[in-house]
Every structure is written in structure tokens, then in C-alpha cells.
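Heads up: the sequence lines are chains Z and W, in that order. Mapped onto our numbering, the consecutive letters of the first sequence carry residue numbers 403 to 640. Mapped onto our numbering, the consecutive letters of the second sequence carry residue numbers 313 to 628.
Since the hints were made in silico from the structure, they are not lab data. Treat the numbers as computed from the prediction; the structure is a model and nothing was measured. It is possible that part of the hints are untrue.
Straight-line C-alpha distance at most 20 Å; calculated SDA-like pairs for lysine to any residue [claimed, not checked]:
{"no.": "1", "chain 1": "Z", "residue 1": "K538", "chain 2": "W", "residue 2": "D407"}
{"no.": "2", "chain 1": "Z", "residue 1": "K494", "chain 2": "W", "residue 2": "E583"}
{"no.": "3", "chain 1": "Z", "residue 1": "K494", "chain 2": "W", "residue 2": "R347"}
{"no.": "4", "chain 1": "Z", "residue 1": "K538", "chain 2": "W", "residue 2": "P480"}
{"no.": "5", "chain 1": "Z", "residue 1": "K538", "chain 2": "W", "residue 2": "P609"}
{"no.": "6", "chain 1": "Z", "residue 1": "K538", "chain 2": "W", "residue 2": "V476"}
{"no.": "7", "chain 1": "Z", "residue 1": "K538", "chain 2": "W", "residue 2": "L610"}
One side only, chain Z facing chain W, incomplete, derived with CB under 7 Å [stated by the list, open to error]:
{"no.": "8", "residue": "E413"}
{"no.": "9", "residue": "F432"}
{"no.": "10", "residue": "N445"}
{"no.": "11", "residue": "G446"}
{"no.": "12", "residue": "A457"}
{"no.": "13", "residue": "L477"}
{"no.": "14", "residue": "P479"}
{"no.": "15", "residue": "Y480"}
{"no.": "16", "residue": "D484"}
{"no.": "17", "residue": "Y489"}
{"no.": "18", "residue": "D499"}
{"no.": "19", "residue": "V508"}
{"no.": "20", "residue": "M511"}
Some chain W residues flagged as far from chain Z (calculated, every beta-carbon gap over 12 Å) [claimed, not checked]:
{"no.": "21", "residue": "L318"}
{"no.": "22", "residue": "L382"}
{"no.": "23", "residue": "I424"}
{"no.": "24", "residue": "L425"}
{"no.": "25", "residue": "D431"}
{"no.": "26", "residue": "G438"}
{"no.": "27", "residue": "L457"}
{"no.": "28", "residue": "L504"}
{"no.": "29", "residue": "T535"}
{"no.": "30", "residue": "I572"}
{"no.": "31", "residue": "T586"}
{"no.": "32", "residue": "R608"}
All residues carry an ideal CB built from backbone N, CA and C; glycine is no exception.
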Amino acid sequence: MSEAAPSVALEVEGLRSGYHGVTVLKGLDFAVGSEIFAVLGANGAGKTTLLATLARLIPLMAGTIRFQGEDVSALRPYETADRGIGYVPQEKGVFTDLTVLENLNVGGMIGARSRDERMAEVFDLFPDLRALQAQKAGTLSGGESRMVACGRALMQDPRVLLLDEPTAGLSPLYVDMFFEKIREIHETRGVAIVLAEQNATKALQVADRVMVLSLGKAFAVMDATQLTTQQLKEGYRI
Amino acid sequence: MDLKWLDAFLISGLFDVAMVMGLALLLHLQLGLGRIANFGVVGFWGIGMYVYGVLYVQVDWPFGDPWQFLVCAAAATLAAGVAGLLIGWLISDLDTDGVLMGTLGFAAVVQILATTQDDLTGGARGMGGLSFPYDIGTVKQNEFLWLAITAAVVVVILLYVWWVHRSPYGRLLIAIGGSEPLARSLGKSTFLTKLGLFTVTSAAMGFLGAMNGVFVHFLDIGTIGVAVTLAAMVGLVLGGTARVWGAVIGVILTVGLFDIVVQSYLPLPREWYTQAIPVLREALFGLALILVLVFRPLGILGDMRRDRLMRKIHGR
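Looking at chain W on its own, in the form it has when it is part of the complex (with noise of 0.2 Å):
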């Protein structure tokens, strides 16, 4: 396979837009759907990463890849379900400045855990042992690979998210989020539509988590910050939260356009890149945020939306 047209940097940046816009894609359910503001996205991506490397690494498993990889996964996946199933049972019944805090509150408890379980996790050192689960030529032929299985695992969650849209589940999320007291006349539990949502979404942050593992073979606990859910929160909040593309775009718009055409196409002086440009990329997306909060409340497809539908119920 020809792969010239590619640089280690371009596939890079490729992956982490897959990477955030199926973050991005789990988080319009939680937050755009049912109204469940998690700023705690980082901590179920982490807890699936690192269950996924844990696994990985320190087990030694009777049978190779691609099977460890599939069970390991599997059990980030579960682990992240779980932990997901734990929080949300905790902030369900909370207002939206509970869950932010109890949400945040879990993703720094997943950092500090990353951190100071070391025997385990590496800790600060990092644990590295990670690989992909196939070898099928060059290390850029790998790395190709697996970004095109990340896009498909991101396809099929905007295919889910598509349908969330058009099912009555979806439609009692948007009553859940639109007035949660009218819809618990509704028949149906709120409280368990809910956590059902916020299960299933942190299950998949978590196999979201264990792919990133993969790809970038070491664990260090600087990848579990905040900058991992400003990222997803930006890219959503940019792009419309209500609106199925809004994640899509929103991420093409933010991180597409500073991790790929910045950092890849810029010329940028070559130390800017070990400490200028993660703090300019977060000072952006903090500006972004602001902006758009401002100017474009909905996001940008939110208010092309109710701009057409003002224009055809007042004829402008």
C-alpha cells in the first residue's frame, strides 16, 4: 500500500479528530439530548485506557492478538460501563452544577488513581509494552490501519446516535432534557433512562480509551487531563449540541483545523511544539468556546437551524 501522501504527523492528527469526535458524538447523548452536562468525559476515556493497558501489559494471557486485544478491550469497555453505571446513579437526580461537579470530581479521582497506582500503572514514568493487535507491514501501514478502524467504530456510533435521533428512546431523552419534572409524568423513569444513557455512553468512552491506548503504545497520565473533555466539550458546543452533525463538524472546525492544518501545515518554529502549542491550543479552544457562547448560543448548525425555522414561520 502506498502511503506517501502520509506523514506521521497528518495520521496523528487524523486519529485525534476520530478520536475526539467519537467522544464528541457520546457526549451530544449525554449532553445534548439529556441535558447531563459531563465534564468528566476524560475520566471514563482514562479508566478504559488504562484497564485496557493494565490488562494488556501485566496479564499474561494464555493466546495472543488479536483475542488479548479483543478481551482486554472488552474488559475496558465493561470497566468504563461500570463506572459510568456507579456515577450516574450518584448524579442523575442532581442539578447541572452537581453533576459538573461530580463528574469532575471522577475524572480527577481517575488521574490521581493513574498516578499513584504505579505498580500497576506506571504512574508518572508511564507504561509502555502496548501494541497493535495485527503487524501487517510498516509502522505507518499500522498506524493507517488502525486510524481506518477508528473511523469505522466512529461511524458506527454516529450511526447510533443517528438513530437515538429518530427513536421514541431519543425523543424521551429530549423530553427528559427538555423539562425533566413534566417528563416523569410520562410514564417511563427518568431515573433510569438516564442512567441507562450515561451507562452505555461511558461503556463506549471507554472502548474509545482503549483504541487510543493502542495507537499511541504508551500510557502517561499527561493524556488524561482536562484538555481531553475541553476538546470533545469545544468541538460539540461549537458544532450545535442539539444537532447530530454538530459534533462532526464542530471537531472538524476545532481540532481538524488546529491539530492537522496548524501543527501539520503551519511553519511553525520547531520548539513551539514541545511547549507553545498545547497551551496556545487549549487557550484557543477556551477562546472558541467563549465566542461561540456568545455570539452563536445554539452552535453554528443549532442557529442555521433556527434561523430557517423563524424564517419559515415569519415568511423572512
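Bound-form chain Z, shown alone (with noise of 0.2 Å):
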């Protein structure tokens, strides 16, 4: 394989993943630049476990992941954060026995930058949560937990952002909110976002890329606006 563009955030070849060894994700290849990637597909197509996979939660069966040209394919999950990849996963984003702020200094334990600066811009993201910050985030709505998980995220000064499904089971105003929150954290931080969505009209209004999965396996790697919806159909299997 040639080396990595430096534009190129994350390269996947030949993925295979699951647990206790059934086979979810079925030989993906894919590559994620300094973009949002959206990662669409039904229920059971296997957009949580390739995000768990990228965090390096789940092991490996077969493959590599090369993140910023460097290989992270047998990294721990702590490795792979250190070297910026931020995970949040679709439900339990949050610890619960913390209060918001907490949440926010554990997930600032690593990086260079002042975790001062991290706090106040996760702050101007999520202006709401600076009224929230002494509540335990046990205590805190959907809404508010999933932006607590995302400036927890944040605070690790990540180069590549893995969201699982953020706006599920969310309020319609939430999800608005959230996608243009998205868009903002690529745009004024530059970082490389690979969202899992089932959510696809809203996904592909801000992604740059996009890719169904269907079944484990990729029906589909394209720009985003050229995905037609009898594809997406055919990908969801509908």
C-alpha cells in the first residue's frame, strides 16, 4: 500500500470485526480525509461496531487501520485516543456519578493545549452547559447528556471525531441543533468527522462523503450528493 496522504485521516483495508466471533463487519476498505464521513445503513448494519472497531474497542479479526499514515491496527483503545481519535458512542456517552464539568476535566487529561482553552471553547460550542456544570450528568436530559458526551470528546483535542448515532431518540430542535454543531466542529476546528446516522436525510445535508453499509459489508463509497435514493433504498435493503 502507498503511504498516506497527510490529508488522509484514517485508512481502513480489508476490516473484519465482530464479537465473540461472529463476523459483523464482512472485509471493509474505506479512507476518511479531513471531511465529514457519513456511515448510513439499517439497524444491524454494523455502524456501531465499525466506530467501536475505530476506537479500538473491539478487536480486530482481520485488517488494518492506519490513522494519519501510522498503523494503529494493534493499539489499545487509550492508545488510539492519545493519538486523537475521539469516540462517542451512541448511548451511555456520559458518566454518570460526575457532574458535567467532571466530565468535561477527564476527558481533558490528555493533550498540550491549556485545558482552560479546551473548556471555553467546548463552552462556546454548547453554551448551555456552562449553566449545567455542577449537576451530575446522571441527572441530565438526552439532549443535554449527548452534548456533555461530545464536549468530553472535544476536550481530547482530537484529530479524527467517531459519533455514533448522536441525535438519536432526540427532540426534533436537539437534532436540528446537533447537525449544525457538527458541521461547526469540522469547519472552525478542522476536524475529520465519521458519523453513524440512520438519520440519512439530515446526514447527507452536512456530509462530505458518505458510506452505506448494508449487511457488514460497504454498498456504497461516493460524495454525498451524488448518492441517489434508490441506492440508499438498496442499501437499506427497503
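Fit the two chains together into the complex; they arrive one by one in their own frames, and the hints show the way.
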């Protein structure tokens, strides 16, 4: 394989992974540049497995993951986080026994920049969190929890942010706000984003490129603007 | 020093309270913050006590106390710490059931070793020859000073726990205890963090074991049974596993109430003291554990905090 271009954040080759010997992802090949890369697919397509595998929380069965040219396939989750891969899971993305401020602080335990500077940026991005600083994360609403989870990951100063269905189960008001924030994070911070979503319409509005997963295989990888409704339906097996 | 207000029972009871409080505080760090369900507290405590006793009694040291005490206590602490490192290495990636079984099994192994290695430990006959590392007068004065030193050690442990709660390290432990899979993505090794915590706290349990050996003067395998773990666990759960003062309040309400108030001040029949009281103690502690888990699952302080929080949020 040729040396990865500097603009390529993640390169995935022949990726196979799953749980307890059951293969969920059946050989994926794709690259993510400095962009918003949407991963679409129906329930069970393998979106969550893919993001957890990229964060190295699930072991690889085969294939390689390269982050900014470095092979990170054999690294542990904390090592990939330290390299600059941030991860926001679909559920349970906050530490419920910690306050909002403490959640952000544990996110900021790595990274070279001043923690206060990063904290100020997170509060600028999610102003609602400023008033909730002292509140236990376990008492927050769904939308507030997602903001904290996202803020915690941003405190790590990631180069690539893996967002697993950040708007699942949220009210339409929060959904719109979150997609705006995703675009803002990418544009103002230059963070590459891998966005797993069920809400294809919204995801395609913010994404630069898209991969449609179908039963663990890449049905299509292309520019978001080129994806047709027919392709999407076929990918979702509707 | 006039110590007329103190009798042997009261000193012994207060020492028990201090000892269990120290263990419960250390268990609080393991269970309350890191969610490491260590049911083998007595194993680490017992290693400290027996390593101290064997070294103090069996080795012909070229120097006397207090150096003999300091060297033996340091070795006992180190031995318990090494045991904590090895056991922690084995259990750190296990689920709660695995940790529970592993630590229980370790405590059983320590008791079996203390029983079978009778050339070293005295086995079932026990081992005497231990003494205070000083002599300031009467037995009561010596015991009282040792009680004060032990209380000071427990205060140091309490201050350490208090510091951990306010440090980034403590927040990381709470994060790991709350959701280890999520904590793995924070950029810090959850395995090494838990292992470090387990090693340090196990070493401190060993030091408390050595201090207990000094106080009782005679090592008996009956003292390293499950009752020690049960007392620390019940006290901690009753007070609140996640609260700094939970262990303190809980142990006062259990060990303090039983070992001091019931044993020292209630007019119980004398014959009860040998057979009935230890059994009654374990039965009452077990009952207290069940009642707390049913009616106040977060413990006294944990539930009070939750109620305050809910009132603040909902304005009731």
C-alpha cells in the first residue's frame, strides 16, 4: 500500500470485526480525509461495530486501520485516544456519577493545550453546559447528555471524531442543533468526523462523503451529493 | 497519665473500630470509586499481620524496637502490596463475579497457608512473642498509645481518600467505575489505573494488619476469617460506598455500636462472650447488610445526597 497522503486521516483496509467469533463487518475498505464522512445503514448494518472498532474498543479479526499514516490496528483504546481519535458512543456517553464539569475534565486529561482554553471552546460550542457545570451527568436530559459526551470527546483535542448516532432519540429541536454543531466542529476546528447515522436525510445535508453499510459490507462509498434515493433504498434493503 | 475512664474492653473496642474503619476506607477506594468488589480484604490484612509476626518473632534482628517494628512493618506492607499487584493483575479485566470469586479465593489461600505453614506461623496453635515497639508504663498506657497511633494512621488514610476524591486521579477512578468501556477511550490505561489503586490499597491493608498484630500480641488463624471482610463491607455499604464519610459513619454504626456499646455496656450473660456474641455479631451484620441493600441501597449518606439532589432539581 502506498504511503497515506497527509490529508487522509483514516485508512481502512480489509477490516473484519465482530463479537464473540461472530463476524459483523465483513471486509471494509475506505479512507476518511479532512471531511465529514457519514456512515449510513439500517439497524444491524454494523455502524456501531465499525465506530467501536475504529476506536479500538472491539478487536480486529482481520485488516488494518491506519491513522495519519500510522498503523493503529494493534493499539489499545487509550493509545488511539492519545493519538487523536475521539469517540462518542450512541448511549452511555457520559459518566453519570461525575458532574458536567468533571466529565469535561476527565476528557481533558490528555492533550497538550491548556485545559481551560479547551473548556472555554466547549462552552462556546455548547453554551447550555455552562449553567449545568455542577450538575451530575446522571440527572441530565438526553440532549444535554449528548452535549456533554460530545464536549468530553472534544476536550481530548481529537483529530478524528467518531460520532455514533448522536441524535438518536432526541427531539427535532436538538436534532437540528446537533447537525449544525457537527458542521461547526468540522469547519472551525478542522476535525475530521466519522458520523454514523440512521437519519440519512439530515446526515447527507452535512456530510461531504458517505458510506452505506449493508449487512456488514460497504454497499456504496461516494460523495454525499451523488447518492441517489434508489441507492439508499437498496443499501437499506427496503 | 490517668486512664481510669478506660477499661480493657473499651480500648479493644475502639481499636476494632479504628482498624475496621481503616479497612473500610481503603475498600471505599476499591469498591466505591473503582468498582472493584474485593471480598478478600482479610487476605491482604492477614498477609500483613503474618509477615510482620513471622519476621518480628522468627528473625534474629541485630537491632531492637522501634527499628525492628519499622523494618518488619515495611516488609509486611511490601508483601501485601506485591500480593495486591499479582491478584490485581489477574482480576483487573474480570467482571464483578470474577473479581468476587478471585479475591474470596485469595483470602482462603492466605488462611490455609497460615494454618499449614505451622513451622513459620504456629498454625492452629497460634504465634506469640509480639509486643509494642515501646514501653511507656502499664499495659493500659501502652495499649492506649497504640490505639492513638492507629487512630492517627486512620486519619491519614481518611485524608488520602479525601484528596483522591478531589484529584483528577479520583475522577478517573470514578469514570472507570462508572463505565470502564467508555473510560478506555479517555486516553489513560484503565487496567494500569485499577492495578495501581489495588496495589496501593492492598499494601495499606497489609500495614493495618501489621498494626493489628502488634496490638493483639498473639496471631491466631481465627482472626483472619471472613468476619473482618464482612465488618468492613457492611460498614461501608451501610454508610454509603461512594461517599468519603460513608465508611466512617457506617463502621461507627456497626462495629462501634456492637463492639463497644453492646459488648461493653449491655449486661449480657458472661458465657455469651465466648460463643454467642461472635455468632450474633455476624448475624446482625448480615441482617444489616440485607436491610440496607433493600431500603437504602446507596447507604445512609448516599441516599441523603440523592434526596438533596432531587429536591434541588425538582424543587421539592
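Hints and how they fare:
{"no.": "1", "hint": "Z:K538 / W:D407", "in the structure": "26 Å, violated"}
{"no.": "2", "hint": "Z:K494 / W:E583", "in the structure": "56 Å, violated"}
{"no.": "3", "hint": "Z:K494 / W:R347", "in the structure": "17 Å, holds"}
{"no.": "4", "hint": "Z:K538 / W:P480", "in the structure": "16 Å, holds"}
{"no.": "5", "hint": "Z:K538 / W:P609", "in the structure": "19 Å, holds"}
{"no.": "6", "hint": "Z:K538 / W:V476", "in the structure": "18 Å, holds"}
{"no.": "7", "hint": "Z:K538 / W:L610", "in the structure": "16 Å, holds"}
{"no.": "8", "hint": "E413", "in the structure": "20 Å, violated"}
{"no.": "9", "hint": "F432", "in the structure": "21 Å, violated"}
{"no.": "10", "hint": "N445", "in the structure": "21 Å, violated"}
{"no.": "11", "hint": "G446", "in the structure": "20 Å, violated"}
{"no.": "12", "hint": "A457", "in the structure": "6 Å, holds"}
{"no.": "13", "hint": "L477", "in the structure": "12 Å, violated"}
{"no.": "14", "hint": "P479", "in the structure": "4 Å, holds"}
{"no.": "15", "hint": "Y480", "in the structure": "5 Å, holds"}
{"no.": "16", "hint": "D484", "in the structure": "4 Å, holds"}
{"no.": "17", "hint": "Y489", "in the structure": "4 Å, holds"}
{"no.": "18", "hint": "D499", "in the structure": "5 Å, holds"}
{"no.": "19", "hint": "V508", "in the structure": "5 Å, holds"}
{"no.": "20", "hint": "M511", "in the structure": "6 Å, holds"}
{"no.": "21", "hint": "L318", "in the structure": "41 Å, holds"}
{"no.": "22", "hint": "L382", "in the structure": "37 Å, holds"}
{"no.": "23", "hint": "I424", "in the structure": "36 Å, holds"}
{"no.": "24", "hint": "L425", "in the structure": "35 Å, holds"}
{"no.": "25", "hint": "D431", "in the structure": "45 Å, holds"}
{"no.": "26", "hint": "G438", "in the structure": "44 Å, holds"}
{"no.": "27", "hint": "L457", "in the structure": "40 Å, holds"}
{"no.": "28", "hint": "L504", "in the structure": "9 Å, violated"}
{"no.": "29", "hint": "T535", "in the structure": "35 Å, holds"}
{"no.": "30", "hint": "I572", "in the structure": "33 Å, holds"}
{"no.": "31", "hint": "T586", "in the structure": "45 Å, holds"}
{"no.": "32", "hint": "R608", "in the structure": "17 Å, holds"}
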